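Student: Read top to bottom, the protein sequences are chains A and B.
Counting in the numbering used here, the final residue of the first sequence is number 229, and the numbers go up one at a time with none missing.
Counting in the numbering used here, the final residue of the second sequence is number 113, and the numbers go up one at a time with none missing.
None of these hints come from the bench; they were simulated from the model.
Heads up, some of the hints might be wrong.
To be verified - Lysine-lysine pairs mimicking DSS-like chemistry, simulated, CA-CA at most 30 Å apart:
hint, chain 1, residue 1, chain 2, residue 2
1, A, Lys84, B, Lys49
2, B, Lys62, B, Lys49
3, B, Lys62, A, Lys84
Stated by the list, open to error - Pair by pair, the computed Cβ-Cβ distance ranges are:
hint, chain 1, residue 1, chain 2, residue 2, range
4, B, Gly80, A, Leu30, 42 to 52 Å
5, B, Ser113, A, Leu4, 45 to 55 Å
6, A, Leu80, B, Leu90, 31 to 41 Å
7, B, Ser28, A, Leu80, 26 to 36 Å
8, B, Val5, A, Thr2, 23 to 33 Å
9, A, Arg20, B, Leu25, 41 to 51 Å
10, A, Leu80, B, Ser113, 18 to 28 Å
11, A, Phe220, B, Met1, 12 to 22 Å
12, A, Gly13, B, Val5, 19 to 29 Å
13, A, Leu27, B, Val95, 18 to 28 Å
14, B, Leu25, A, Thr47, 27 to 37 Å
15, A, Leu12, B, Pro26, 34 to 44 Å
Unchecked claim - Chain B regions said to be covered by chain A (calculated; three or more residues, Cβ under 8 Å):
hint, region
16, 1–14
17, 76–86
Just so you know, these numbers come straight off a predicted model, no measurement behind them.
Every residue, glycine too, gets a C-beta built ideally from N, C-alpha and C.
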Amino acid sequence: MTMLLLAIPLTLGTYRVAGRLHARWPLPVLNPVLVTMLALIALFLATGWDYHVYQRGTMPLTWLLEPAVVALAVLLYLQLANVKRSFMAIAVSCLLGVGTSLILGTELAALAGGSSQLAASLAPKAVTTPVAMSVAEAIGGIPAITAASVIVAGILGASFGSAFLRRLGVTHDEAVGLAMGASSHALGTARCAEENATRGAFGSLALVICAVLTSCAAPFVVPLLLGAR
Amino acid sequence: MLRIVRDLLVIMVFAEVGRGLTSLLPFSFPGSIIGMLMLFVALSAGWIKLSIVEAGAGVLIKYMAVMFVPIGVGLIGYIGLLEHNAAAFLVSTFVSTFVSMAVVGGVYQRLRS
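Isolated chain B (complex conformation) (with noise of 0.2 Å):
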């Protein structure tokens, strides 16, 4: 338990830092993905050890899908916005998200092949 803590903290220095590191960008990125190639940095680097994060990791990530939950229900903020535009949004976002898909699977798996 203790240890899950600690593995927390520290995730939570590389994402409040990440986040700080985004203020400085003369573009807009997500300090999370900032955060999260630093600490993937320090891992191969060596700077911290796998076991100080590992647990805490774990425990997030298994979580993880959970906590789109909130995000998702306040779709119902956006239905009269959709309303009007729902042919073109529903479309575009079915068929563009497949064949993406399906596009970096295949190409991926062929190369690989």
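Next up, chain A with everything else stripped away, as it sits in the complex (with noise of 0.2 Å):
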């Protein structure tokens, strides 16, 4: 009973603290929503509570995010004219982005030793969730799996995004912001969006162009490449 008041200000209370972490130290290691889960993960797995309880707990904040998605309509209203500018050149990286995160994916994990259920199951995981489950669940991936990867995706980009592509060169904000959505779905995006409107935006695009371009090439690409192995 406890747990279940105690999730979401142990949750905000932990996030505020690791935002003052990073502001003091801006480390992409101290990412504040990387600090924050790992810190709750090792609490719980300390302490032996049941984290299902503080999952409960913490439904509210859960239940956000649908609306956050929505609102990120706002950011890519605002980038309208950019947008239209460069369709053409938003629409090829986002496919080679794709192409690239489905083979490589699938490739890389059957190449380590997965089995084909487990390949499948990761190729997917670059887009948001529900997309992601829905496409491994098609291929016939585990949905968990696909779920877990689609989190460590997320907070990899989330944290060592910006300064992976910054090492890279790549520093135009819509460059930035279409690479973390391509690759990083919502939580890359949510980054962006901190650090400025033109990456949210762009994040956002990437966010849903890829969830379409996945949902429509996974069920045809993947198959191929596990039946060519």
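Two chains, two separate frames, one set of hints: put the complex together.
Tutor: This is how it looks when you write it as structure tokens:
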């Protein structure tokens, strides 16, 4: 009962401390979401508390995710002129990104010794959870593994994405946003929106385009790759 | 404050309608993305004014990152499953995330310059 009531204050409090830590030492590994998740996971593992109760207690927070994704439309609308101007470049980059993600996700899992069921579960991880899970199910993967890899892909992008892209010389705001949305879905986009509105808008755009492309392409591409092995 | 509440209500209507529409689709697709597209179309077509969603959208987007924490904590439930497949899981997830990120960012930046 206590946990049920404390779940949200515990989350927000930890997040706040993590935010201060990140403000003091702005390192990618100190990404506030990453630190908060790891701290809470460590807490539940150490104490043996039931994290299901925590998850029930944080339902209102999780429930806000849907309206938050809807709200991204505002960023997109504010960038409408820029989106129209570079639509071809956006479409080409997202198409290549989805192709890379599906092929590497499948092939690397198989090369590292995973079964084809595992490879199919990991293929669609770059897109938002509901799309990724239903795609995984359609191509013979295990949706639970997909859900886990979607979170890991999101965390990786949100924490290390902008530093990684900067090192590669990708600093154009539209390019960074698009790259983060394409590889780390809503989590990468949320991080982009914190950085600036252009990144947030292009992240949202990639989120939408890549979700559509992945659900169309994966049912053909992944079985083809697995069949060829 | 009242303005934010009104904005949130408008956004939630879009989220709910989006969710309702998913049940009519022959394939599964997130209601939130349909809601986002509908709100985008409504704004672009001038059916609703930016000012009736802007402040609320700002608040939601500002706090969006923390909403992922409970989902991430849910990884605890997958520990057993992941232990058996750790190598394939990690290699596939790490490499394909960063490579596809580099491809999208690099290609777009080159096409635009």
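Student: Each hint: holds or not?
Tutor: Hints and how they fare:
Taken as a hint, the Lys84/A and Lys49/B pair is honoured in the structure, with Cα atoms around 20 Å apart against an allowance of 30 Å. Only pairs whose Cα atoms come within 30 Å are accepted, and Lys62/B paired with Lys49/B is accepted, the gap being roughly 21 Å. For the hint linking Lys62/B to Lys84/A, the alpha-carbon distance of about 26 Å falls within 30 Å, and the restraint holds. The hinted range of 42 to 52 Å is not satisfied by Gly80/B and Leu30/A, whose Cβ atoms lie roughly 29 Å apart.
Checked against the given bound of 45 to 55 Å, the beta carbons of Ser113/B and Leu4/A, roughly 53 Å apart, stay inside it. Checked against the hint of 31 to 41 Å, the C-beta distance between Leu80/A and Leu90/B comes to roughly 39 Å, which is consistent with it. Distance hint check: the CB atoms of Ser28/B and Leu80/A are about 29 Å apart, consistent with the given range 26 to 36 Å. A hinted range of 23 to 33 Å holds for the C-beta pair Val5/B and Thr2/A, which are about 29 Å apart.
Range check, Arg20/A to Leu25/B: Cβ separation about 44 Å, and the 41 to 51 Å hint holds. Remark: the range hint 18 to 28 Å for Leu80/A to Ser113/B is upheld by a beta-carbon distance near 22 Å. Between Phe220/A and Met1/B the beta carbon distance is about 50 Å. The supplied range of 12 to 22 Å is therefore violated. At about 24 Å, the beta-carbon gap between Gly13/A and Val5/B stays in the expected band of 19 to 29 Å.
Between Leu27/A and Val95/B, the C-beta spacing of about 22 Å keeps the proposed range 18 to 28 Å intact. For Leu25/B paired with Thr47/A, a C-beta distance near 42 Å fails the hint of 27 to 37 Å. The hinted range of 34 to 44 Å is satisfied by Leu12/A and Pro26/B, whose Cβ atoms lie roughly 40 Å apart. Remark: the region 1–14 of chain B is confirmed as covered by chain A, as 4 of its residues place a Cβ nearer than 8 Å to a Cβ of that chain, reaching the required three.
Taking a C-beta to C-beta cut-off of 8 Å, the region 76–86 of chain B contributes 6 residues in contact with chain A, enough for the three needed, and the coverage statement holds.
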